[in-house]
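S.K.: Produce the entire structure from the sequences given, and follow the hints as far as they go.
Read off the chains here:
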Amino acid sequence: MDRTNSISSKEAAFLHVTNPQNNGIHLEMQGTNCRQPQESNITGLRSPDSGENSDGKWASRLLIECATAMSEKDSTKIHHLLWMLNELASPYGDCDQKLAFYFLQSLFCKATDSGQRCYKTLISVAEKSHSFDSVRKLILKFQEVSPWTTFGHVASNGAMLEALEGENKLHIIDISNTLCTQWPTLLEALATRNDETPHLKLTVVVTTSIVESVMKEITPRMEKFARLMGVPFEFRVMNGLNFLGELTKDSLGVQDDEAIAVNCIGALKRVDVEERRAFIQMIQSLRPKVVTVVEEEADFSSSRNDFVKCFEECLRFYTIYFDMLEESFAPTSNERLMLERECSRSIVSVLACDDEVDHGGDSERRERGSQWSVKLREAFVPVRYSDDVVDDVNALLRRYRTGWSLVLPAGADDVGLYLTWKEEPVVWASVWKP
Amino acid sequence: MLHSSNLLAPLLPHNNKRNNSSSSSTMNSGKRATVDLTSEADDSVKRHRSHLPATVDLSVSGEKEHEYEEEQLGSAIIEQEDSTGLRLLGLLLQCAECVAMDNLDDAGQLLPEIAELSSPFGSSAQRVGAYFADALSSRIISSYLANQAIQQALDGVDHVHVIDLDIMQGLQWPGLFHILASRSRKIKSIRITGLGQSMDLLNSTGQRLAEFASALNIPFQFQPLEGKIGNVKDLNQLGIKLGETVVVHWMHHCLYDITGSDVVTLRLLSLLRPKLITIVEQDLSHGGSFLGRFVEALHYYSALFDALGDGLAADSVERHTVEQQLFGYEIRNIVAVGGPKRTGEVKVERWGDELTRVGFRPVSLAGNPAAQASLLLGMFPWQGYTLVEESGWLKLGWKDLSLLTASAWQFSD
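Those protein sequences? They're chains A and B, same order as listed. Under our numbering, the first residue of the first sequence is numbered 141, with each subsequent residue one higher. Under our numbering, the first residue of the second sequence is numbered 38, with each subsequent residue one higher.
No lab work stands behind these hints: they were computed from the structure. Every residue, glycine too, gets a C-beta built ideally from N, C-alpha and C. Don't take every hint at face value.
Taking lysine-lysine and the PhoX-like style, the derived pairs with C-alpha atoms no more than 25 Å apart in a straight line are [to be verified]:
hint, chain 1, residue 1, chain 2, residue 2
1, B, Lys225, B, Lys270
2, B, Lys312, A, Lys217
3, A, Lys341, A, Lys429
4, B, Lys223, A, Lys213
5, A, Lys515, A, Lys429
6, A, Lys562, A, Lys449
7, A, Lys217, A, Lys449
8, B, Lys223, B, Lys312
9, B, Lys278, A, Lys213
So the derived list for chain A, only partly shown, Cβ under 8 Å to chain B, looks like this [as the list claims (entries may be wrong)]:
hint, residue
10, Ser215
11, Leu222
12, Ser230
13, Val371
14, Pro372
15, Phe375
16, Asn379
M.R.: Dropping the structure here:
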């Protein structure tokens, strides 16, 4: 077929002629390299210079406007706003442009009912392109420039070491995707204790296949490192689970004479919302001496049936995250780009996928520390961090750029520690015992 | 698949050492031969704390092993870059092909992989890939929105009559058939009156369109009309029936004259009172078809990015700024609607005059539309965004780039 004339009407500018009764708005699509029009006979309107408007955050306003229009099913408005967002968004621009891009993606998926398929594609693409080298580089670089993940590691390791003091046979169950970056410092600490070095069994529970393939490379390295440190060590990776909800006490192979620590880093949010209480109870059934829980501070869960509210919270969280990434990395950083791209998976999952329908991945519905605390209190009792551990975390934060700080919770009922970026709590760490 | 594999060869990045520097610099960051055990604590007590630096690389083997590894990886990287570049270009062309055929779903499915392989901070192939991927993504969304606009215009309409002022092979119409066939309220009939210079071509076009329509089970009628619309003396020649919704498709060619007389055409339009007029600007200097334009642009910008790559370091912020702000936009233009030389503004002004002269009146965008516009405007900060009202139109701009022009026209009585 001769394609020389395949200009479709989609490439056209539309003049929608209405009858005299109603006026319509017509949008004529234009290229963006036009010169400025002449200034004569022009009434220029500029947006009001009110305090609210001059902070440069156009993306969040347009995005929320669009989300609202979607929930109201106002299709004309939806299309106008999607059009504008599409024109202005870019994954390679400033924070506003990036947020516009990634959130536009999920709005578009929602409008075209393609969230599920999009999510599956994003997962399979990530699996194909991630290798041990690329993932390792990414995590190490992120840890180098930002305490986002190391905060939880330091707090958890400190609490675990204190809780397991005096024990000889340790079994740490690591439910995380941190690829064991948390453990070298713990192994070193165990090795340099005054008393006899305990035997450590480490069971890592993974669900995503990205992590599975990477863990194969990690196993020999961990074993070698433990040998070097002189720590009697047993390492096991538990994969083959489709969902964390499938994890059972039996499959973990815990023994009666072991002192068990369960380390949940970003694990609870991966469990389906309906199964979270049961999962916590399963952990309780392991009879651990200590449970360390670290989660990102956001609530994508309680509002999951209110699209606009959920959207706003999602936008709030990722605005902070993207801002943090921009200030932590160099402007031309590939690692930052990769981390930004990873966000698109969670955003699509939360905003454009139906929880009822299985999209083959983990849940991304984060909850705040206060919400997790309510669930955890059903099985455990919170433990305060010791001054030593708090000192350790502060020392860690001093190694990074300014903007980070540690906040102890305010109320008597509140639990754990918060990492804050520019005064906003972003990560929550806590310790629990039976 | 396209016969475009031979087009890919000149697009491969040459093995510029500098192209590798971005990959090797990320390699270096992971290169640690020993575990860093420096402790901040001044504490003489032996009890070790767990605030030790967390960036511990588990590669505890010696220096030598590392150097050897790096060398191996170095040459592997060069090979990998070539094959990545090739794969990236292949995917881009595949995606463009889907877009050209209005297969937006498949096009969208290819984008994540294209994105993973590309980066504005990588080799020149990766950088070109990044901007073209972004442009395609933008194009997919705007195509979807354009389809929605058509659907809205034809909402509740049972009988559509399209008058295509220069139908040629009529390749834009199957897309519309598809849209109309998949509505919940199925279209009852589609008629196309196609104008053109050759009766033979018109007949074969009509035949082909009839086949498409029958495959979708849509009652379809084609009426060929040899000649130019400007020469149509009698509206009855167009065979408009009562109860039909008329859509006029008007393509502007910069090389030849479609209508015969634009003024007469406009007068006809005002008599016809079509529900929708779609105006297309075709910039033939870019090869005519979307795909041709795409491939040509890919060549051009690959060369350009290569040249930029020679002069500046891989992580040059200046280069990134130029590429993103300038070329990124140009590429979007080419992929999105027309070419960078489109002077859309001039066209709109011109058509505005023309429309006015034949009895269209611009509708002031006061009232609801303006309220909507100012609602949107109210969201924009003072810096950078402008809303300019000119001769009844609203133009939204960002910095000194004009983004959107909104205009409203109605027939004066």
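S.K.: Each hint should be assessed against the structure and marked as holding or not.
M.R.: Tested hints:
1. B:Lys225 / B:Lys270: Cα-Cα ~30 Å, so violated.
2. B:Lys312 / A:Lys217: OK: Lys312 (chain B) and Lys217 (chain A) at ~20 Å, within 25 Å.
3. A:Lys341 / A:Lys429: holds (15 Å)
4. B:Lys223 / A:Lys213: holds (22 Å)
5. A:Lys515 / A:Lys429: holds (18 Å)
6. A:Lys562 / A:Lys449: holds (23 Å)
7. A:Lys217 / A:Lys449: holds (19 Å)
8. B:Lys223 / B:Lys312: At roughly 19 Å apart (the allowed maximum being 25 Å), Lys312 (chain B) and Lys223 (chain B) satisfy the hint.
9. B:Lys278 / A:Lys213: violated (34 Å)
10. Ser215: holds (7 Å)
11. Leu222: Given a least distance of 6 Å, the restraint on Leu222 (chain A) holds.
12. Ser230: With a minimum Cβ separation of about 6 Å from chain B (threshold 8 Å), the hint on Ser230 (chain A) holds.
13. Val371: Val371 (chain A) check fails; min Cβ-Cβ to chain B is 13 Å, beyond 8 Å.
14. Pro372: Constraint on Pro372 (chain A) not satisfied, violated at 18 Å.
15. Phe375: violated (12 Å)
16. Asn379: Since chain B brings no Cβ nearer than about 19 Å to Asn379 (chain A), farther than 8 Å, the hint is violated.
The structure fails hints 1, 9, 13, 14, 15 and 16 (numbered hints given earlier, in ascending order).
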